[in-house]
Amino acid sequence: MSAIVQVENLNKTYDGGFEALKNVSLDIEEGEILALLGPNGAGKTTLISTICGITQPTSGRIMVGGHNVVTDWRSARKLVGLVPQEINLEPFEPVGNTVRFSRGLFGKARNDAFIDQVLSDLSLFEKKDSRISQLSGGMKRRVLIAKALSHEPRVLFLDEPTAGVDVELRRDMWQLVERLRADGVTIILTTHYIEEAEAIADRVGVIRKGELLLVEEKDRLMARLGQKELTIELRAPIDVVPEGLAEFDLRRSDDGLKLHYTYKVGEERTGITRLISGLQAEGLVLADLQTNESSLEEIFVGLVHDGEAA
Amino acid sequence: MNWHGVVAIWRFEMARFFRSIVQSVVSPVLSTSLYFVVFGAAIGSRIPEIEGVSYGAFIVPGLIMLTVLQQAIQNAGFGIYFPKFIGTIFEVLSAPLSSFEIVLGYVGAAAAKALLIGCIILGTSFFFVDIRIEHPFWMIAFLLMTSVSFALLGFILGIWARNFEQLNLVPLLVVTPLVFLGGSFYSVTMLPPFWQTVSMFNPVLYLVSGFRWSFFGMADVPIAASLAAILIFSGLCLAVVWWMFKTGYRLKS
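The listed protein sequences derive, respectively, from chains A and B.
Counting from 225, one number per residue, gives the positions in the first sequence under the working numbering.
Counting from 199, one number per residue, gives the positions in the second sequence under the working numbering.
No lab work stands behind these hints, which were simulated from the structure alone.
Be a bit skeptical, because a hint or two may be false.
[Stated by the list, open to error] Only pairs whose alpha carbons sit at most 25 Å apart, straight line, appear in this in silico DMTMM-like list of lysine to aspartate or glutamate:
(1) K450(B) - E314(A)
(2) K332(A) - E299(B)
(3) K444(B) - D239(A)
(4) K282(B) - E310(A)
(5) K482(A) - D463(A)
(6) K450(B) - E232(A)
(7) K364(A) - E310(A)
(8) K246(A) - E521(A)
(9) K282(B) - E314(A)
(10) K282(B) - E384(A)
(11) K364(A) - E402(A)
(12) K282(B) - E317(A)
(13) K444(B) - E243(A)
(14) K450(B) - E310(A)
(15) K452(A) - E422(A)
(16) K450(B) - E243(A)
(17) K452(A) - E419(A)
(18) K450(B) - E384(A)
(19) K444(B) - D296(A)
(20) K352(A) - E314(A)
(21) K450(B) - E435(A)
[Said to hold, decoys possible] Beyond 12 Å from chain A on every Cβ pair, some chain B residues (computed):
(22) L314
(23) R330
(24) F335
(25) N400
(26) G415
(27) S432
The beta carbon of each residue, even a glycine, is placed where N, CA and C say it ideally should be.
Let the sequences and hints guide you as you build the complete structure.
Right, dumping it as structure tokens:
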């Protein structure tokens with residue numbers, strides 16, 4: 225795989241002096257789904273806007289499909305589709321018209337059959353002649369996606385695609401993203417919802433205060449930073465954790481009936497076998513065992529907080 | 199050159215116009231007819247002919263200019279302000295379109311609408327008065343240049359305006375008075391010498407004068423001055439638009 229989007233040492237400082245992006249470097253591989261996670265105001269939208277040419281970079285270099293977005297913007301922009309965060313559509317326009325308009329803007333000859341196909345894929349075909357103002361919020365979001373896909377982009381940016389969208393539509397959206405990936409479209413999405421990144425992304429990038437804290441394969445990130453917790457339920461309560469088990473750093477529940485042991489996912493030695501032996505040696509009788517894996521959300525919160533503490 | 203993009207903008211803007219065709223066409227035709235009734239028939243009958251032209255016919259070029267100016271500014275201003283207002287402008291700015299192509303699409307559509315309405319009013323005037331067009335080529339040239347240059351002005355206002363009030367402010371407070379004081383309904387030679395001098399600083403006077411010359415062969419200022427005025431005005435507007443796109447003024451951050 226080769227990088228279809230290359231961001232090198234990108235900085236963006238707004239007129240007021242606010243540094244929205246600080247030395248961001250990022251390679252996005254062709255055909256992958258990258259999720260950019262970050263709290264509000266982290267710089268996710270600024271990063272996307274800069275790649276799409278809506279915001280001017282202060283310094284740094286961005287290449288899309290080998291074309292510099294500043295010097296060779298015409299070729300670069302043709303490859304990119306953007307679904308913005310806000311639903312901004314002309315209320316009185318018919319759906320079909322507005323999607324056709326987008327295709328023309330990006331320099332493609334009129335192709336009604338293709339537009340019809342895009343509308344059908346998004347379950348919008350029936351609404352082709354309806355005015356935008358007559359559509360529900362979810363439908364409007366689909367129109368935005370149809371507009372972004374109308375010129376057959378190779379890279380699609382989805383800025384918070386499921387913000388304020390109901391669960392069913394969110395799942396539809398994820399399926400759509402999968403389909404697009406199958407067609408070879410590279411997808412970059414920003415989201416607040418860790419669940420979303422966990423469900424569909426190949427790689428996850430975390431942005432905080434304009435800095436890209438990390439970009440890593442989702443599974444590896446989970447493995448590297450994810451923790452598991454083993455909960456041991458005891459037959460009889462204990463008042464203190466026995467001295468002999470001190471090395472395991474166990475946490476005792478208030479009622480003394482549970483012991484919690486945390487260990488890292490993917491480590492060769494988890495220490496579980498030794499712990500169980502230790503428990504037996506201390507004469508504790510086990511009632512049950514449970515394990516819980518930490519979610520991307522917990523990892524994310526951990527990262528963002530660590531960053532703030534530093 | 200992204201011609202598909204230019205055509206897409208042009209068609210999109212024209213569709214907006216044809217969707218509200220009644221409002222777009224009927225209202226200027228109606229208001230012009232009222233001007234003919236009031237100025238042409240009622241008041242005009244008491245005003246003597248001006249250099250052999252009846253007053254009703256004399257005001258036709260001024261009336262057309264008045265409407266064309268207003269329509270060009272209004273259409274171009276609204277055309278670019280509305281996407282800015284509702285946020286759809288992001289799409290145009292992220293498209294592979296140069297600033298020249300964007301301007302060509304929006305200003306071209308606004309100028310086309312103004313031109314169309316100008317022609318409709320000219321057609322309407324035939325029902326009310328006898329008019330002759332001595333220099334048809336120049337008549338069309340003036341109409342075209344005025345439509346384009348004032349659509350450029352409207353485009354500038356549309357980018358500059360932060361709200362609808364500002365969008366309407368300049369046409370209402372500056373352009374309309376300039377048109378009325380620019381000899382649309384009279385020849386400046388009817389004014390006292392002092393006001394004649396003041397009028398010479400009104401750019402619209404040159405447009406109306408040149409346009410009227412193309413009809414009746416009479417002008418308040420030399421035809422070359424009219425041509426120069428409109429070319430300078432267009433050049434200024436183009437320079438401002440160029441600067442706006444170069445700096446991203448109120449368009450990009």
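Here is how each hint holds up against the structure:
Note on K450(B) and E314(A): the hinted pairing holds, with a Cα-Cα distance of about 20 Å set against a maximum of 25 Å. A hinted pair counts as satisfied when its Cα atoms are at most 25 Å apart, and K332(A) with E299(B) qualifies at roughly 15 Å. Restraint check for K444(B) and D239(A): the C-alpha separation of about 16 Å stays at or below 25 Å, so the hint holds. About 13 Å separates the Cα atoms of K282(B) and E310(A), which keeps this hinted pair within 25 Å; it holds.
Between K482(A) and D463(A), the direct Cα distance comes to roughly 11 Å. Compliance with the 25 Å bound is thereby established for this hinted pair. A C-alpha spacing of about 22 Å is found between K450(B) and E232(A), which places the hinted pair at or below 25 Å, so the restraint holds. Between K364(A) and E310(A), the direct Cα distance comes to roughly 10 Å. Compliance with the 25 Å bound is thereby established for this hinted pair. Restraint check for K246(A) and E521(A): the C-alpha separation of about 24 Å stays at or below 25 Å, so the hint holds.
Proposed proximity of K282(B) and E314(A) is supported: the alpha carbons are some 11 Å apart, at most 25 Å. Taking the CA atoms of K282(B) and E384(A), the gap is about 21 Å. The hint holds against a cut of 25 Å. For the suggested pair K364(A) and E402(A), the alpha carbons sit about 20 Å apart, so the restraint of at most 25 Å is met. With a C-alpha separation of about 16 Å, the suggested pairing of K282(B) with E317(A) holds against the 25 Å cut-off.
Only pairs whose Cα atoms come within 25 Å are accepted, and K444(B) paired with E243(A) is accepted, the gap being roughly 22 Å. Simply put, K450(B) and E310(A) have alpha-carbon atoms about 17 Å apart, close enough for the 25 Å limit, and the pair holds. Among the hinted pairs, K452(A) with E422(A) is consistent with the structure: their alpha-carbon atoms are about 17 Å apart, no more than 25 Å. With a CA separation close to 16 Å, the supplied pair K450(B) and E243(A) stays within the 25 Å bound.
The straight-line distance between the Cα atoms of K452(A) and E419(A) is roughly 18 Å, inside the 25 Å bound, and the hint therefore holds. For the hint linking K450(B) to E384(A), the alpha-carbon distance of about 21 Å falls within 25 Å, and the restraint holds. Using a Cα cut-off of 25 Å, the hinted pair K444(B) and D296(A) holds, with the two alpha carbons roughly 16 Å apart. The straight-line distance between the Cα atoms of K352(A) and E314(A) is roughly 14 Å, inside the 25 Å bound, and the hint therefore holds.
Of the pairs offered as hints, the one joining K450(B) and E435(A) holds, with about 22 Å between alpha carbons and a cut-off of 25 Å not exceeded. With a cut of 12 Å on Cβ distances, L314(B) stays outside the contact zone with chain A, its closest approach being about 21 Å. The beta carbon of R330(B) is kept farther than 12 Å from every beta carbon of chain A, the shortest such distance being approximately 42 Å. Interface exclusion of F335(B) from chain A stands, the closest Cβ pair being 34 Å apart, more than 12 Å.
Non-interface status of N400(B) relative to chain A is upheld: no Cβ of that chain comes within 12 Å, the nearest being about 37 Å off. Listed as a non-interface residue, G415(B) keeps its Cβ farther than 12 Å from every Cβ of chain A; the least gap is roughly 45 Å. For S432(B), the requirement that its beta carbon stay farther than 12 Å from each beta carbon of chain A is met, with the minimum near 26 Å.
The structure is consistent with each of the numbered hints, conforming to all of them.
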